[in-house]
Structures are given as structure tokens and as C-alpha cells.
Amino acid sequence: MASLALAAGKPKEGWGSSAGFIGRYHVKVTQPGDAGVLGGELTMFIQEEFPGSEEPAGILKLRTKHNNDVVYLKELKRQGQLRTAIVKGGSFLGPTIGNFKATMKKPGVLVGRVATKGLGTVRAVFHRYSTKPTP
Amino acid sequence: MMSAKRAMPTRLRVLLLGLAVLAATVVLAACGGGGSSSGGSSSAGNDNGADAASAPETEDWPVFGRDRDNTRFATQDEVDTSNVGELGEAWSTGLGPDQYLMESFPLVLNGTVYVTTSTDEVMSIDGKTGHINWTYTPEVDFSQSTGVGGYGITVNRGVAAEDGKLFVLTFDNKLQAISQKTGERLWSSQVEDPATGAYESMAPTAYDGKVYVGVSGSEDGVRGKISAYDQKTGKEIWTFYTVPKAGTKWVPKGGGGGTIYMPPTIDAATNTVYVGTGNPAPVLVGAKRPGKNLYTDSILALDADTGKLKWFHQEEAHDLWDYDAESPVVLFNAEIEGEDVRGVAEAGKNGLLFLLNAETGEDLFPPVGFVKRHHTPPSTKGTLECPGAVGGSQYSPLAYSPETQAVYVSGINLCMYLKVTYESHNGEKEFAGDRVVPKDTEKTGTFTAVGVDTGEVLWKHDMPTPMDGGATASAGGLVFTGDQQGILYAFDAANGDDLWQADLKLAFGTAPVIYSIEGQEYVLATVGGAALTASEELGEIGAKVVAFKLGGKKLPAGPALK
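Quick note, the sequences are listed as chains B and Z, same order. The first sequence runs 1 to 135 under the working numbering. The second sequence runs 136 to 697 under the working numbering.
If you are wondering where the hints come from, they were derived from the structure by calculation, not from laboratory data. Here the structure is a predicted model, which means the values were calculated and not measured. Do not rely on the hints blindly, as some may be mistaken.
What the hints assert, rightly or not - DSS-like cross-link-like pairs, simulated, lysine-lysine; straight-line CA separation at most 30 Å:
#1 Lys380(Z) x Lys132(B)
#2 Lys689(Z) x Lys117(B)
#3 Lys117(B) x Lys640(Z)
#4 Lys74(B) x Lys578(Z)
#5 Lys65(B) x Lys640(Z)
Said to hold, decoys possible - Now the stretches of chain B that chain Z is said to cover, found in silico as 3 or more residues with beta-carbon under 8 Å:
#6 56 to 63
#7 67 to 74
#8 90 to 103
#9 113 to 127
Claimed, not checked - Simulated restraints on C-beta separations:
#10 Thr193(Z) x Gly20(B): 54 to 60 Å
#11 Leu696(Z) x Gly108(B): 53 to 59 Å
#12 Gly108(B) x Glu319(Z): 35 to 41 Å
#13 Lys697(Z) x Thr30(B): 50 to 56 Å
#14 Lys370(Z) x Arg113(B): 42 to 48 Å
#15 Gln81(B) x Asn268(Z): 43 to 49 Å
#16 Asp34(B) x Glu319(Z): 25 to 31 Å
#17 Thr368(Z) x Asn99(B): 44 to 50 Å
#18 Tyr376(Z) x Lys65(B): 39 to 45 Å
#19 Glu48(B) x Glu213(Z): 58 to 64 Å
#20 Thr30(B) x Thr441(Z): 51 to 57 Å
Note that CB positions come from ideal geometry on N, CA and C, so glycine has one too.
Extracted from the complex, chain B is given alone in its bound form (with noise of 0.2 Å):
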């Protein structure tokens, strides 16, 4: 099977330098939506993104009473504590379908929603759990 572009040049914002987002989180979910989440898993891969680059940033999946919903977090970017990116469905190549947007409150935890068509609004705590985004 083929994959698509993949380039480089100069990091854009992103979610910082340092490597502290990247590894596994529990979604230990608050506000369940319209589609009734019930919990999930975030991974996030790198947390700067580069001009053209298609490599993954995060993979956020959520899990209601009947399906597993996996949708993917792209043009990661920060504000202060705030951490934000826009939600692809698909692949990280398909459309946009909503947001992500989250607060660091401390190391290797955030506290925010994302938002998408089908689910709705879900609010969720996310703890990292592992640094390593690879079983």
C-alpha cells in the first residue's frame, strides 16, 4: 500500500519543542457528547509540525456503546498553557471535522474537549501514561 508526501523545512509552532506531549494518554472522559462517549486513548507523536509534512501528529480514539470512533489531531498549535489542534477525519490527509483544545495542567496532563460532527462536544481529562507513542 502507498503512502503520500512526506517533507521537511522549518518547524512550525506546534505544541513546543521539548518532548513533553508526546507518548500515550487515558481519556477519562466528563461530558460524553451527543454519541454518549465512554472513554478512549490519545497518542501523540510528534508535537511540531513542519511545512508540507503529512507525518502523523496525534491519533485520538474514542469508544462509544457501539462503536469505536478514530479521528486524527493536525495543526498543532499553543497559547500559554493552551493547547489546540484541528481534528481530521480518516486519515491526517481527510477533512476536517472539528477541534481539539486542551489545558496542560501539569506535566503529562491535560484537561480540554474535542469536537466533532458525529460525536458532539466531549470534555475530557487526558493522562499520559507511557512516553512512548509505540506499543
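Please arrange chain Z on chain B, whose structure you already have, making use of the hints.
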């Protein structure tokens, strides 16, 4: 053109096909089988597969390609060339929130549709009403779905069924058996370690107490393999590795390839498993992997009981362009220069259709081109490859009609710019370079009928979008296919006349299935786009199942074909 022989009634034709298969079985048994290209020997096949090898007069669509030959030829003829214009929507069912891809090929058993979603749910749907009976939602680790446009993307191409069980592969490499009746999980087996970079996208094949599965992920240096598992216990019976272990023979450390993306095809008459394999890795740097790189980009014929290689046919030796032999193999019966010949067909990502002798793997005819082809070895300066690595024929299944003696090929015209960088990227660490679809590149498709008795193009349509979903033929003289705009087409299988269209608004990453309930014929489409649709923004994406029947609600047609 259709000859008098091709106009023969379906039942008679099917009977003759069955007799031809039986005759071929007897010859094989007498010869003891055997391969030519690889020099491997085989055991003789059993002779109880003649019925399975021909298109059965079933109401259902019980296996991936409807019959064991994987023909995607439905024997229903209620909907035909004279009345297809009356085809309309019977029901439509959505497949859940944020479902943005649909590469699942459903099965239909006892009037119930079984379909997977891109996130590995299995759904049981009433084929008459569209009501969801149950949904099986496995716990899956999707964290390695890091691919962009194909590799590692979360798609699931369907289930296999046998003996009251459904078999599904999850993205994180688990083979699971669930109850066909209730959706309850019966067992789960890990078929590969996700830490290797391997993932699953294919539908498995169930046959005679075994489940046949492969693994995906050549771009990450995954070592390809096909394995047989016990349907009752989930335990491995045999494994055939398609390439040597990394660091041995031609495979460099970290390299691999020969992975598998679509379900194997079983010839019950000869007890043979046919399967296509993917590219070698590192992908762009051929100097690191000398020789032909066997058995990448190949069609393999294996003994179904032991996994022993009978023969191989490599479609692209020492591949430098990611030209997988990815689409599923189709078996057919041809008459060539007065002789009955059992053949296999496969359309590669290199844009060539291969028609081979099923017994030996030798070419029956020179490969038939179906898209634009020109490419040179990739370099550090950059080169253009046509078709690109998402071009030619991807996983798209062929259809074969015994009435027209033609196979129907979905093609993608989409070139890519390749550049060797030797760099390792997250998600495809053994690609060794960049590939980009130029902004002004043509993104179109083809749909081609090729005669299996002659190896010649019978008719061809230039299509407005890449054709990713594959084809389905019927005894009504029709062949169905869908494009990336969401248009479902019904062509006259004999001459390609564009007889009917329906605009579903969601792109096709699959081909329809056909079934009947209480004498009513349904044409069922699963739509929602493919990895290609998502990556190239070729249309709206979502996911739903839509059933059509005569007299159903009319949907608007798409634009006329040029």
C-alpha cells in the same frame, strides 16, 4: 463482442463450467499437480470442489467474491439490461459517527448482511429492511494508524463466514471469531505483534475448517506471511513467509515486504490457495536488496492444507515503485485455441492485468495494460511514476462473467513524484524517500472488459475519477461499479453501454453485492470513500449501506460519461 456460445443460458453454462472443472480436477489428480516456476511439488487435490468452483444458484452472497472462484458474478437475473432503469433505493443505513472510510465488502447469509466498519465493528443488518440486528465492537489499539493515504490506515475489508461463525481481523492484528447469530465473541488470536509495524486491513478467507490470513505493512519493513488458523480454536496450523527474515538472503536489516491486503482465493478442486503479495522494502532503494526480491509483488499458489508453495508468478521483479499485486485473485474457465483452460486473473498496481494458467502460473496471454504507464527508477533528483503508488489497480477486486467470458478491471490514472532521501519517517520507516502527488496531476480512472479467451480488450470506459472499488457482474447481463464522486454505474456487460446511474454522494471504495429475499433481487452498495478519497480529497466521505431494488426510490443520475 458476445458470441453465440456466450449467449448460452446461465444454467447450461454453469453446468458446462462445472464439468470443465471436474475434468481439470481429474487431469490434476492424474498428474499429481506441481509447479513450474518455483519447482515445488504439491499433493493431488480432492475432487469434491466442482460445485464450489462454479457460480452456485444461491440467494445469498456467502463468501468474499460470492463463490469460491471469487468471480463476483451473481446468478440473479431479475434485474437485467432491459429493466435496470427501474432500479431505486430500497433502504439506507448509516454506520456510525465519524465513519469516514468504507472499504468493506459485505457478506449476505440467510438474508442478513454482515458488514464491517473502518474501525473494526461488525454489523448484522436485515437485508430486507436495513434494520441493525446487532453490532460487535471489539477493543482495538488504533495508535499505529499513522499512515497517510494508505499505509497503516484504519480500514477493514470485511468478514469471512463458515459453520455459524464470522471471522474478522482487527487493525491491531487479532483474528477473532464471533457468533453469526448473536455477535458474541468466541475466541481471539494474536496473529502478529503490532510492534513490528504490522497491521490488518484484509478480510480473511474461511474454508474447510481453516481461516486464512495475511499481514499488511511492507513500508515499515514488515515480513509478509500467510497463515492458516483452526476455525474452532484459533490456533495456527501453518505459516508461509513470503520473504526471508530481515538480515538474511536479499532482505537487509530492517527490510521486508511481500505483505498481503486482500483475502486469498481457494480452488476447492485442487486444494490450492491463491494470494497476491505486496512490495519489497526498503521501497525506493533497490541497491540495498539485490535480485528479484522473491516473493514480493507476486501471485502465489499454495497447498491449502500445508502451505507448501506450488508455484509463483512475480508481476514486478525488483520493484522500485510500490507496485503491489494487491487485488484478490479470480479463477476462471477459458477456451483458448479449442482447449479448456483453468486460469487465474489479477490486476496489479503496475497497471497490468495478468491472465495465468492456474495449474502452472505461466502467462496465458501477454499482460494487458489498462491505465497510462511510464516510469523510470527513482533517484535523489526525483522522478515521475505513472501509475503512482496509489494507481493502477489497488485492492479493487475484478469481476468475471462466465456469460461474456470477460474480466472487468478497475483502473486508476494518478501519477506520483518520487524522490530518494534515505530518510526514515514515522509510520513508514522503510520507505526511504518522499512521494508526492503533483497538484496538477490527472486523477481519473478506467473501467475495462478483457476477454479471458483472447486476452484482448473488449471495451473500455475512461472514467471521470479514479476507480477504487472494483466490479460486480450478474446473470442479468450487467456489470456494476462505483466511482469517487459516489456514482454507481450499471453497464451492459457485453458492450459497455452505460445503462443506469445513481448518485449516492459518497465515494465508492468497494463493489456492490447482489442477493435475493423472497424472490426480490437486491443490489447492495457500501459507500463512504477509500483511503485514496480521503487523502486526495476527491469527494465527501462518510459511511453507509444502501440497498437497491426494482421499483425503489429513484436517485439522481450522475453526469454522462464521455
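Structure-based check of all given hints:
no.: 1; hint: Lys380(Z) x Lys132(B); result: 26 Å, holds
no.: 2; hint: Lys689(Z) x Lys117(B); result: 28 Å, holds
no.: 3; hint: Lys117(B) x Lys640(Z); result: 18 Å, holds
no.: 4; hint: Lys74(B) x Lys578(Z); result: 25 Å, holds
no.: 5; hint: Lys65(B) x Lys640(Z); result: 28 Å, holds
no.: 6; hint: 56 to 63; result: holds (count 4)
no.: 7; hint: 67 to 74; result: holds (count 5)
no.: 8; hint: 90 to 103; result: holds (count 7)
no.: 9; hint: 113 to 127; result: holds (count 4)
no.: 10; hint: Thr193(Z) x Gly20(B): 54 to 60 Å; result: 59 Å, holds
no.: 11; hint: Leu696(Z) x Gly108(B): 53 to 59 Å; result: 56 Å, holds
no.: 12; hint: Gly108(B) x Glu319(Z): 35 to 41 Å; result: 38 Å, holds
no.: 13; hint: Lys697(Z) x Thr30(B): 50 to 56 Å; result: 55 Å, holds
no.: 14; hint: Lys370(Z) x Arg113(B): 42 to 48 Å; result: 45 Å, holds
no.: 15; hint: Gln81(B) x Asn268(Z): 43 to 49 Å; result: 47 Å, holds
no.: 16; hint: Asp34(B) x Glu319(Z): 25 to 31 Å; result: 28 Å, holds
no.: 17; hint: Thr368(Z) x Asn99(B): 44 to 50 Å; result: 46 Å, holds
no.: 18; hint: Tyr376(Z) x Lys65(B): 39 to 45 Å; result: 40 Å, holds
no.: 19; hint: Glu48(B) x Glu213(Z): 58 to 64 Å; result: 59 Å, holds
no.: 20; hint: Thr30(B) x Thr441(Z): 51 to 57 Å; result: 55 Å, holds
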